[in-house]
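These are the residues of each chain, in order.
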Amino acid sequence: MRALLWRDIRLAARAGGSAMLALAFFAAVATLVPLGVGADLHLLARIAPGILWVAAVLAALLALDRLFQADFEDGSLDLLALSPLSLETVAVAKIAAHWLTTGLPLTLLSPLLAVLFGLKAIPALFVSLLVGTPAVSAIGAIGAGLTLSIRRGGLILPLIVLPLLAPAVIFGAGAVLAALDGLSNGALPLLGAFSFAACVLSPFATAAAVRLNLGS
Amino acid sequence: MLAVEDVTGLRGGRVLFRNLSFRVGAGSALSLEGANGTGKTSLLRMLAGLLAPASGAIRFGQVSEAEERGKFVGWLGHHDALKAQMTVAETLAFFARLHGGGETGPAMEAAGLSRLAGLPGQYLSAGQKKRVALARLKLSGRPLWLMDEPLASLDGAGKALAAALVRDHCAGGGIAVIATHEPLGLECERLAL
Amino acid sequence: MLRYANPTRFLSLSRPLVPWLGTLALALLAGGLFLGLRVPPDYQQGETVRVMFIHVPAAWTAMMAYGLMAVASLVGLVWRHPLADQAAKAAAPLGALFTALGLVTGAIWGAPMWGTWWVWDGRLTSFLLLFFLYLGYIALWNAIEDETRAARAAAILALIGAVNLPVIEFSVDWWATLHQGESILRKGGPLISAVYLWPLFLMALGYTFAFFTLWLMRIETEILTRRARSLMMSAGEA
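Chains as they are written, first to last, in the numbering used here: chain A, 1 to 216; chain B, 1001 to 1193; chain C, 2001 to 2238.
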């Protein structure tokens, strides 16, 4: 399984890969929002948790439609399905690779963006993204598996996945807001529970979706 | 021993083949022949356990369940499964690691790829990509080889190579089912769809 | 052609049933609306409280539709019953319709109180997300060409949505209380008076029967469409 993980990471990290794309998107949002909303740092600091969380989710979604589709189109997915690995294991490896190449870099970049927005609660933002972005990869993978055979799957994938990710955004941004007010509102544990459940259940649903689409 | 019993294949509601039955014993090769669209690929995918037949049963030895059967399959599909940015050596090494390790050198030699080892996939010709697929097949060490148009894009030397690989595989007790338009130059049974 | 044995039985059952259900639905709705118009206006909300009689049952029906869709999806996935797949597919646009109705009437109901057409109220927000779940489901059905694969993919999505729906509701509720804002859309808020319950109950029943009527009609249409399609395909083959 680790072989698959490394292969996917290397593919994503190379030129034309998805890691750079996600980071660029994150940075673009971080730059365009102040341009659109105004330079008032008070306002920016207040909307920062939400904006940055939404940007993280959208950036992670960017490369999601290719998660399985690339392998499906060139026949690699058949080989993976026939390999000693179970499809569930393949799903875990792919989800992990996706998180390591989108969610994690975004999390690492977030303190910088927090500074741009004048957001004080940097550790809270960092931790919330660290805990919450795996859920985005996990739930997104289910959508990727369901849409892998659709030509323009990238258009329908966000529609399917975004309502399911609402809890992550709510709890994630909520955790940061709580830290800003100096309170604790239980958001972080809830986010943790959500992420954990998503990561545990997703490989089964993702494998089922992939299995379904392979039989064509 | 590969046993196919009463298998019916559908595609988009149309019947491709109905109540198909045949057996292939160890050490034998079967070539599937038929025009485009007759369902050769679908049948191969059913044999591999990737696609479920509309009815009927497929067994490899004692194993009938689709996903279990797949673990005995060496697959050479229609697409090359080659990543543009990965070199030949990396591609084969990845495959070998996936299948429990092993040296890629001999397989690369056998497929005539040693010279191309460091070349990324995007620089390979179609014939060279097929050779990589053949090397991968040899690396898999699996008993049931399912090959979909293996001779496409291969030159004379390549075709001889493919035939030799299949011959060796069968000589060692393996089974090969090959969908092909062209003659393989092998002793094998033939099934027309 | 064994596949069509069950759908035929279904058609023979639903065809006589639909007119009865439809009439019953209309009667209940008429009764509910009549009572709803006669009920005294609320001391706080005035006449607009009557919108509740359209909004609340729509919300209940939308939720029920999703539940039915999820159950049908499960049956279709586990037992491979094609009728179950078609039932799930047929329920989705109806569910979306009722959700949209709930959203619009919710906005109308609240507008006089809020002074604006939309408010990110907990209930309405949950509802909006439910609407998107429906849209995603319908889009998935339409995007995959092969009917069987579309059915299974959509079934997986419906089940994931069903599991996630309580979580979404919970999180939105949590979010709404975080950002204060009261909700007049809370069922059973200040409106527990029995006078209001009767029209509500009638409307809810009326909506339910209306849903089932429309659902059966849509399933019939699905079955007939598939038959027509397979006839056309075999005509092409001959």
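Keep in mind that the hints were calculated from the coordinates and are not lab data. Cβ coordinates follow ideal geometry from the N, Cα and C atoms, glycine included. Please note that a few of the clues may not be correct.
According to the in silico footprint, chain A covers these stretches of chain C (three or more CB under 8 angstroms from chain A) [to be verified]:
| # | region |
| --- | --- |
| 1 | 2124 to 2136 |
| 2 | 2139 to 2146 |
| 3 | 2197 to 2210 |
| 4 | 2215 to 2223 |
Tested hints:
A stretch counts as covered by a chain when three or more of its residues have a beta carbon under 8 angstroms from one of that chain; for the region 2124 to 2136 of chain C and chain A the count is 6, and the coverage holds. Figure legend: the region 2139 to 2146 of chain C, annotated as covered by chain A; annotation consistent (5 residues with Cβ-Cβ distances under 8 angstroms, at least 3 required). As drawn, the region 2197 to 2210 of chain C meets chain A at 0 residues by the rule of a beta-carbon pair under 8 angstroms; below three, the given contact is violated. Residue count for the region 2215 to 2223 of chain C with a Cβ under 8 angstroms from a Cβ of chain A: 0. That is fewer than the three needed, and the coverage hint is violated.
The structure shown violates the earlier hints numbered 3 and 4.
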